[in-house]
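Q: Here is how the chains run, residue by residue.
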Amino acid sequence: MVLGALHIVLLAGLAVLIVLLLLSPLESLLWWAGWSDDQVAQAAPVAPAGAVPPRRGDERYVVWLSGIGSVPGPTEDPFEVRFLAQLRRRVPSLVIVDDAFAYSVRDNPLAGKRMLDRIFRSARAAQAAGRRSALLGTAIQLRNSLQVAVSADGRYGPIYNLGLAEAIGKRVAGHGYPLGSGKPIVLIGYSGGGQVAVGAARYLKRWLAAPITIISIGGVISADPGLQAVDRLYHLQGGKDPVPTLGGAVFVGRWPLVKYSYWHRAVSAGKVTTISTGPMGHMAEPGYFGAQHVDRTASIVAGLLSGDAR
Amino acid sequence: MDTMGPSLRDVIGGALTLNEDVLVALIQSSHPLALSFVTLALVGLSWIVGHCAVLFLNRVPPNRFALTACGLAASFVLGALIWVGSTWLVATVLPGNRNVPLWMVIPMTAFAFSPLVLSVAVVIPYVGSGIEAILNTWTLLALVLAVHAVFGVGIVEALLSALLGWGLTKLLPRLAAGRLNVAFGSAWSGVTSSGMQAQGEAAASEAVTRLGR
Numbered sequence: 001m002v003l004g005a006l007h008i009v010l011l012a013g014l015a016v017l018i019v020l021l022l023l024s025p026l027e028s029l030l031w032w033a034g035w036s037d038d039q040v041a042q043a044a045p046v047a048p049a050g051a052v053p054p055r056r057g058d059e060r061y062v063v064w065l066s067g068i069g070s071v072p073g074p075t076e077d078p079f080e081v082r083f084l085a086q087l088r089r090r091v092p093s094l095v096i097v098d099d100a101f102a103y104s105v106r107d108n109p110l111a112g113k114r115m116l117d118r119i120f121r122s123a124r125a126a127q128a129a130g131r132r133s134a135l136l137g138t139a140i141q142l143r144n145s146l147q148v149a150v151s152a153d154g155r156y157g158p159i160y161n162l163g164l165a166e167a168i169g170k171r172v173a174g175h176g177y178p179l180g181s182g183k184p185i186v187l188i189g190y191s192g193g194g195q196v197a198v199g200a201a202r203y204l205k206r207w208l209a210a211p212i213t214i215i216s217i218g219g220v221i222s223a224d225p226g227l228q229a230v231d232r233l234y235h236l237q238g239g240k241d242p243v244p245t246l247g248g249a250v251f252v253g254r255w256p257l258v259k260y261s262y263w264h265r266a267v268s269a270g271k272v273t274t275i276s277t278g279p280m281g282h283m284a285e286p287g288y289f290g291a292q293h294v295d296r297t298a299s300i301v302a303g304l305l306s307g308d309a310r
Numbered sequence: 001m002d003t004m005g006p007s008l009r010d011v012i013g014g015a016l017t018l019n020e021d022v023l024v025a026l027i028q029s030s031h032p033l034a035l036s037f038v039t040l041a042l043v044g045l046s047w048i049v050g051h052c053a054v055l056f057l058n059r060v061p062p063n064r065f066a067l068t069a070c071g072l073a074a075s076f077v078l079g080a081l082i083w084v085g086s087t088w089l090v091a092t093v094l095p096g097n098r099n100v101p102l103w104m105v106i107p108m109t110a111f112a113f114s115p116l117v118l119s120v121a122v123v124i125p126y127v128g129s130g131i132e133a134i135l136n137t138w139t140l141l142a143l144v145l146a147v148h149a150v151f152g153v154g155i156v157e158a159l160l161s162a163l164l165g166w167g168l169t170k171l172l173p174r175l176a177a178g179r180l181n182v183a184f185g186s187a188w189s190g191v192t193s194s195g196m197q198a199q200g201e202a203a204a205s206e207a208v209t210r211l212g213r
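Read top to bottom, the protein sequences are chains A and B.
Following the working numbering, the numbering of the first sequence begins with 1 at its first residue and continues without gaps.
Following the working numbering, the numbering of the second sequence begins with 1 at its first residue and continues without gaps.
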């Protein structure tokens with residue numbers, strides 16, 4: 001009887017997984033085809049007049065792309081919030097754009113009417129209230145990790161990454177980035193955010209004509225063509241974090257045999273620097289932003305922002 | 001399999017396990033053409049679901065979506081029939097081969113293309129392109145087996161016939177100077193993962209250029 005119930009749960013889980021796998025590229029495709037409420041941008045965004053605080057001119061623009069557990073809107077994950085606060089304290093001239101959602105091509109899924117949008121809203125409300133739902137959290141992680149696969153896919157990736165570049169461009173302009181100035185932009189991608197940062201870099205670079213640096217914190221990154229557009233990629237990996245290694249195993253272009261992939265070409269060109277952060281795990285307390293490690297992680301990233309990534 | 005002949009499940013299972021006896025049973029059954037057409041319809045449906053990205057990339061509007069999808073699926077099945085038909089032609093003209101009636105091209109196509117009922121999985125991000133390559137290889141193997149079983153030739157000769165048949169599908173439209181374009185239209189052979197990749201790249205590139213203006 002117990003085994004029967006377990007089988008049913010496993011089969012139901014498998015069915016949900018298959019449905020999610022088959023439907024995962026649909027959001028980007030509907031958006032591109034114009035079937036979605038959100039439309040593909042027809043022109044570059046203009047910064048909203050008066051909404052942005054006056055800038056001194058020496059600001060450095062950093063876009064924060066959260067891990068796969070994130071929901072749309074400014075990050076409220078307590079670990080990430082702590083890390084970003086540390087980073088702001090160490091580098092006061094930083095303008096951190098933390099409201100670009102890395103796992104959707106749509107500008108603001110929180111305002112939408114779909115079932116997924118309602119799930120995002122309820123997850124966000126739960127997060128704001130300090131509540132955690134294991135089922136909701138797992139579902140969002142699964143959904144977002146499939147979007148990482150969409151970003152890395154040769155067929156859907158260009159569309160997805162274009163949509164994300166558009167969203168990042170809008171958010172960066174909204175935070176006062178002077179479009180057309182060619183000011184450098186740093187994308188910090190945590191976990192799955194590493195892949196989408198590389199994917200979006202390709203279009204951001206062409207659109208903004210600015211140097212792009214990526215700092216991947218425990219990131220999974222495929223051999224994406226976006227690596228051609230990246231000026232520098234710093235890849236931070238903890239000794240107890242298996243996730244980036246798993247990414248290297250899953251993405252074929254990262255395999256040592258595939259010597260001419262975009263990844264290996266970027267490594268050969270000296271663009272990729274791997275930095276060991278010490279005995280850190282991937283997430284929560286043992287992770288990069290846990291109380292024990294957040295100082296070191298923030299110190300490394302601040303050092304990069306003050307040095308090469310300037 | 002019962003005495004009436006194989007079921008749809010038997011045909012698909014037989015092709016996936018490369019069991020030529022299932023093809024022989026299909027040809028000898030009481031309803032070879034009906035079952036073959038059902039199999040091909042299922043293959044076409046699964047194939048278009050797996051490759052639906054091409055419709056979205058081309059921004060096909062909702063009111064034309066179903067019709068365009070059906071057209072592409074039919075074009076794919078027609079392409080499959082043309083390939084197996086060309087293979088039949090090559091195998092027929094080769095000296096010493098068994099004389100096989102033309103209608104058998106249909107059950108041969110159904111059997112050979114049955115692995116593509118799994119084409120729906122091609123839609124899965126990242127691994128879909130790999131799945132497509134595996135299914136296409138499986139289809140070629142099933143076609144070689146079908147030629148081997150129906151014409152009674154060796155595996156190497158069957159492979160040669162299938163490859164020459166493929167070559168013939170490429171050569172005939174050129175020899176006919178465009179007059180066969182309707183039948184040999186490029187849609188069915190052009191919709192591949194690598195084709196969609198190039199199309200996606202071009203579309204996104206054009207869009208970002210527009211943003212930069």
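Certain hints may be false.
[Claimed, not checked] Okay, the calculated beta carbon distance ranges per label pair:
1) A:R265 x B:T137: 42 to 52 Å
2) A:L257 x B:A41: 39 to 49 Å
3) B:T17 x A:V81: 53 to 63 Å
4) A:L257 x B:E206: 29 to 39 Å
Since the hints were derived computationally from the structure, they do not count as laboratory data.
This structure is a prediction, so every number in the text was calculated from the model and none was measured.
The beta carbon of each residue, even a glycine, is placed where N, CA and C say it ideally should be.
Q: Confirm or reject each hint.
A: Results of checking the hints against the structure:
no. : hint                        : result
1   : A:R265 x B:T137: 42 to 52 Å : 28 Å, violated
2   : A:L257 x B:A41: 39 to 49 Å  : 41 Å, holds
3   : B:T17 x A:V81: 53 to 63 Å   : 55 Å, holds
4   : A:L257 x B:E206: 29 to 39 Å : 34 Å, holds
Taken one by one, the earlier hints fail for this structure only at number 1.
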